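Generate the whole structure from the sequences, applying the supplied hints.
These protein sequence lines map, in sequence, to chains A and B.
All the letters of the first sequence, read from the start, carry residue numbers 1 to 428 under the numbering used here.
All the letters of the second sequence, read from the start, carry residue numbers 1 to 369 under the numbering used here.
Hints are not guaranteed to be accurate.
[Claimed, not checked] Straight-line distance between alpha carbons at most 20 Å, and here's what the computed SDA-like set of lysine to any residue pairs gives: (1) K252/B with Y231/B; (2) K181/B with E273/A; (3) K138/A with Q200/B.
Source of the hints: derived by calculation from the structure; they are not laboratory data.
All of these numbers come straight from a predicted model, not from anything done at the bench.
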Amino acid sequence: MKKLTALFLAGAMVIGLCACGSTSEDAAAETVAVEEVAEIAEEATLTDSTVEETENVDFSGVKAGFIFLHDENSTYDLNFINGAKEACDALGIEYVLKTNIPEGQECYDAACELADAGCNFVFADSFGHEDYMIEAAKEFPEVQFCHATGTKAHTEGLANYHNAFASIYEGRYLAGIAAGMKINEMIANGDITEDQAKIGYIGAYTYAEVISGYTSFFLGARSVCPSATMEVTFTGSWYDETAEKEAANNLIADGCILISQHADSMGAPTACETANVPDVSYNGSTASACPNTFIVSSRINWAPYFVYALTQTAEGEAIDTDWTGNIASESVALTELGSAAAAGTAEAIEAARAELEAGTLHVFDTATFTVDGETLTSYMADVDTDAEFTGDHEVIVDGYFDESGENFRSAPYFDLKIDGITLLDTAF
Amino acid sequence: MKKSNREPLFHIAKRGTLPYSKVWGIRVLAVILALLVCAVVTTILTGDNPIQVYGGIIQGAFGSSRKTWITFQNVAVLLIISLALTPAFRMRFWNIGGEGQILMGGLASAACMICLGDKLPNALVILLMFVTSLLAGAIWGLIPAFFKAKWNTNETLATLMMNYIAIQLVAYFTVVWEMPKGSGKIGIINQDSNAGWLPQIFGSKYLLTIFLALIVTLGVHIYLKYSKHGYEICVVGESEQTARYVGIKVEKVIIRTMLVSGALCGLAGLLLVGGINHTITTTITGGQGFTAVMVSWLAKFNPFTMILTSFLIIFLNRGASEISTTFGLNQSFADILTGIILFFIIGCEFFINYKIQFRKKSRKEEKKA
Numbered sequence: 001m002k003k004l005t006a007l008f009l010a011g012a013m014v015i016g017l018c019a020c021g022s023t024s025e026d027a028a029a030e031t032v033a034v035e036e037v038a039e040i041a042e043e044a045t046l047t048d049s050t051v052e053e054t055e056n057v058d059f060s061g062v063k064a065g066f067i068f069l070h071d072e073n074s075t076y077d078l079n080f081i082n083g084a085k086e087a088c089d090a091l092g093i094e095y096v097l098k099t100n101i102p103e104g105q106e107c108y109d110a111a112c113e114l115a116d117a118g119c120n121f122v123f124a125d126s127f128g129h130e131d132y133m134i135e136a137a138k139e140f141p142e143v144q145f146c147h148a149t150g151t152k153a154h155t156e157g158l159a160n161y162h163n164a165f166a167s168i169y170e171g172r173y174l175a176g177i178a179a180g181m182k183i184n185e186m187i188a189n190g191d192i193t194e195d196q197a198k199i200g201y202i203g204a205y206t207y208a209e210v211i212s213g214y215t216s217f218f219l220g221a222r223s224v225c226p227s228a229t230m231e232v233t234f235t236g237s238w239y240d241e242t243a244e245k246e247a248a249n250n251l252i253a254d255g256c257i258l259i260s261q262h263a264d265s266m267g268a269p270t271a272c273e274t275a276n277v278p279d280v281s282y283n284g285s286t287a288s289a290c291p292n293t294f295i296v297s298s299r300i301n302w303a304p305y306f307v308y309a310l311t312q313t314a315e316g317e318a319i320d321t322d323w324t325g326n327i328a329s330e331s332v333a334l335t336e337l338g339s340a341a342a343a344g345t346a347e348a349i350e351a352a353r354a355e356l357e358a359g360t361l362h363v364f365d366t367a368t369f370t371v372d373g374e375t376l377t378s379y380m381a382d383v384d385t386d387a388e389f390t391g392d393h394e395v396i397v398d399g400y401f402d403e404s405g406e407n408f409r410s411a412p413y414f415d416l417k418i419d420g421i422t423l424l425d426t427a428f
Numbered sequence: 001m002k003k004s005n006r007e008p009l010f011h012i013a014k015r016g017t018l019p020y021s022k023v024w025g026i027r028v029l030a031v032i033l034a035l036l037v038c039a040v041v042t043t044i045l046t047g048d049n050p051i052q053v054y055g056g057i058i059q060g061a062f063g064s065s066r067k068t069w070i071t072f073q074n075v076a077v078l079l080i081i082s083l084a085l086t087p088a089f090r091m092r093f094w095n096i097g098g099e100g101q102i103l104m105g106g107l108a109s110a111a112c113m114i115c116l117g118d119k120l121p122n123a124l125v126i127l128l129m130f131v132t133s134l135l136a137g138a139i140w141g142l143i144p145a146f147f148k149a150k151w152n153t154n155e156t157l158a159t160l161m162m163n164y165i166a167i168q169l170v171a172y173f174t175v176v177w178e179m180p181k182g183s184g185k186i187g188i189i190n191q192d193s194n195a196g197w198l199p200q201i202f203g204s205k206y207l208l209t210i211f212l213a214l215i216v217t218l219g220v221h222i223y224l225k226y227s228k229h230g231y232e233i234c235v236v237g238e239s240e241q242t243a244r245y246v247g248i249k250v251e252k253v254i255i256r257t258m259l260v261s262g263a264l265c266g267l268a269g270l271l272l273v274g275g276i277n278h279t280i281t282t283t284i285t286g287g288q289g290f291t292a293v294m295v296s297w298l299a300k301f302n303p304f305t306m307i308l309t310s311f312l313i314i315f316l317n318r319g320a321s322e323i324s325t326t327f328g329l330n331q332s333f334a335d336i337l338t339g340i341i342l343f344f345i346i347g348c349e350f351f352i353n354y355k356i357q358f359r360k361k362s363r364k365e366e367k368k369a
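Encoded structure:
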């Protein structure tokens with residue numbers, strides 16, 4: 001009997017553990033509200049003119065394969081999946097979607113299997129996929145391998161391996177303006193004083209992609225609300241609903257009056273809704289789950305890139321080693337404003353958008369921020385990733401930090417800690 | 001109070017040993033039933049043709065020569081982990097710390113690759129990786145075993161908790177070695193120099209793992225069945241008192257067996273890091289330390305049957321991800337199918353060991369009369 005009990009206990013514990021184990025970082029996002037997902041899917045992204053330009057291209061020889069870290073339950077991956085489907089459907093291309101591919105040898109296997117299956121265009125969506133995509137690219141020189149958010153294409157020297165990103169910092173800057181307008185409204189209403197204008201921000205990791213994101217958001221907010229400050233905390237995971245929720249609650253308890261995030265779960269937005277604190281989300285609208293607190297959300301629209309890269313593949317032309325989408329190419333998009341947005345937000349965003357497009361406004365204008373009290377005149381950024389993380393390119397051009405610049409690389413490299421932003425923890 | 005005399009509608013009784021043919025008959029029946037239930041669920045929930053879905057599962061495991069190789073490689077890894085747990089299980093020592101022991105083995109090999117990759121000749125690095133990862137796994141197995149032997153602590157809890165320590169250690173070193181800083185990813189280690197990458201044999205990157213798995217299978221079989229150690233493990237498992245009575249040092253057997261168990265898990269970690277992924281993450285084991293518990297149990301701790309059971313799990317797993325791709329179904333649906341099939345397979349073992357006896361009708365009639 002004792003043995004039986006022991007057996008039973010062991011069994012029960014193991015089953016319990018398997019369940020626990022799968023809730024860790026890589027387990028996907030079952031809890032994202034279905035409405036959110038539907039909402040993102042509805043947003044039209046490709047304009048007719050983009051597709052019309054490809055009218056005379058013969059796509060019959062193209063087969064596209066896509067590799068995603070999670071599936072459509074993750075807002076990050078859903079954003080890619082929608083872009084891929086939309087581009088392929090618009091161009092009439094056969095495609096295969098592989099979801100839930102971890103950032104390990106599985107990615108290499110998946111990429112090779114896609115190539116085996118006749119795909120001549122293979123795309124992967126997660127930062128950690130990069131090394132494995134490079135391995136696959138070495139093995140299949142005739143297949144085009146494209147990777148979002150990666151940093152190594154320009155140093156790897158492979159003709160068939162390419163990086164892509166978008167100047168999402170511009171989108172975040174615009175979202176930051178919406179946040180600043182909201183804070184101004186709160187100050188005008190007497191809800192808070194100017195000194196209390198503290199924003200809270202939840203980031204996943206501490207590298208350039210995230211730093212560039214929160215800094216641009218903050219600069220956007222401060223451009224309309226000069227007294228704004230910001231606190232940033234990190235979760236050490238791209239998807240951890242509990243940690244993100246906890247982080248949001250901590251920031252709110254710490255006196256933050258507006259929250260934004262660069263992590264992929266609904267943790268922060270729902271915490272804000274519960275606490276009735278305005279929120280700027282990422283990757284898509286959270287209006288239906290957070291009707292009272294949602295202001296706006298920025299996201300990268302990947303469909304234009306897919307149309308571009310697939311067209312190049314069909315015509316046998318080279319794909320850019322580093323491709324950076326921007327507002328003008330409609331790669332950077334903002335959602336509709338939520339009910340929590342302040343009056344006049346739409347106009348303010350429109351004005352700044354026009355200036356950004358015209359090139360008269362730069363997000364990282366060195367006149368708008370200081371580092372350790374100093375205005376920046378020169379900065380060597382770590383554009384070529386190496387083990388020592390030494391700076392290798394001068395990125396201050398014409399009085400602004402040239403993020404994702406044409407001569408550098410598509411993935412962000414802005415890793416400065418500017419004044420006004422306090423990092424609460426940098427353990428990751 | 002007459003009611004209390006009434007026999008329940010049915011009761012469960014232990015079966016005697018069934019003939020071999022009947023046992024396998026029950027198992028085959030269970031698989032067929034499982035497939036039928038899956039078919040019904042598939043048709044109701046998705047409207048897809050279940051036969052095509054089954055075809056998709058086979059495609060996923062054997063659709064191309066690459067897929068076939070990967071399937072066998074994954075079987076080999078799961079098999080090694082299952083075999084690693086088996087000696088401990090035979091001793092009735094519930095080692096559910098496979099995850100941690102694998103991670104520690106993996107961490108040791110990653111450390112060798114990163115710290116020594118460009119300093120020592122490749123052969124020496126690989127040799128060091130072998131030694132250190134087996135040692136690291138063994139130590140991770142030794143700690144709970146020592147406490148069990150010395151103070152009779154609960155090994156289930158101890159091995160379990162050691163998993164979390166290992167995960168946190170790997171998380172810590174991820175931050176130390178991450179590339180670029182702050183990204184939380186180590187990426188492929190020594191991608192250009194391939195230093196510390198386990199060699200390919202006969203020009204195939206999959207064969208080494210498969211080959212090692214076969215050796216370990218044979219080794220564990222011989223160790224358990226023909227060696228004195230194996231006999232001692234058996235006796236301790238059956239009854240510690242008896243073992244003491246016949247002069248077996250129970251503490252020594254527990255510690256020795258867990259050293260073997262942990263070292264073999266360490267070997268799996270070495271293969272995952274040095275041979276397959278060439279990186280280390282906290283999720284590199286993919287829960288296989290736990291899956292292996294099921295594999296080992298399903299095979300009744302028989303190393304050769306474990307080849308079959310680990311194949312079954314991997315086959316379903318690979319097939320599941322394939323059908324989620326080809327039919328545009330969510331991965332969760334594939335997991336549902338796997339769950340149904342495993343439920344039937346595990347459930348049928350119940351019917352092999354027990355029988356259900358219904359209340360006999362004749363009695364009822366007697367009472368009425």
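Quick rundown of the hints versus the structure:
Taking the CA atoms of K252/B and Y231/B, the gap is near 14 Å; set against the 20 Å cutoff, the hint holds. With a CA separation close to 33 Å, the supplied pair K181/B and E273/A exceeds the 20 Å bound. At roughly 17 Å between alpha-carbon atoms, K138/A and Q200/B fall within 20 Å of each other, so this suggested pair holds.
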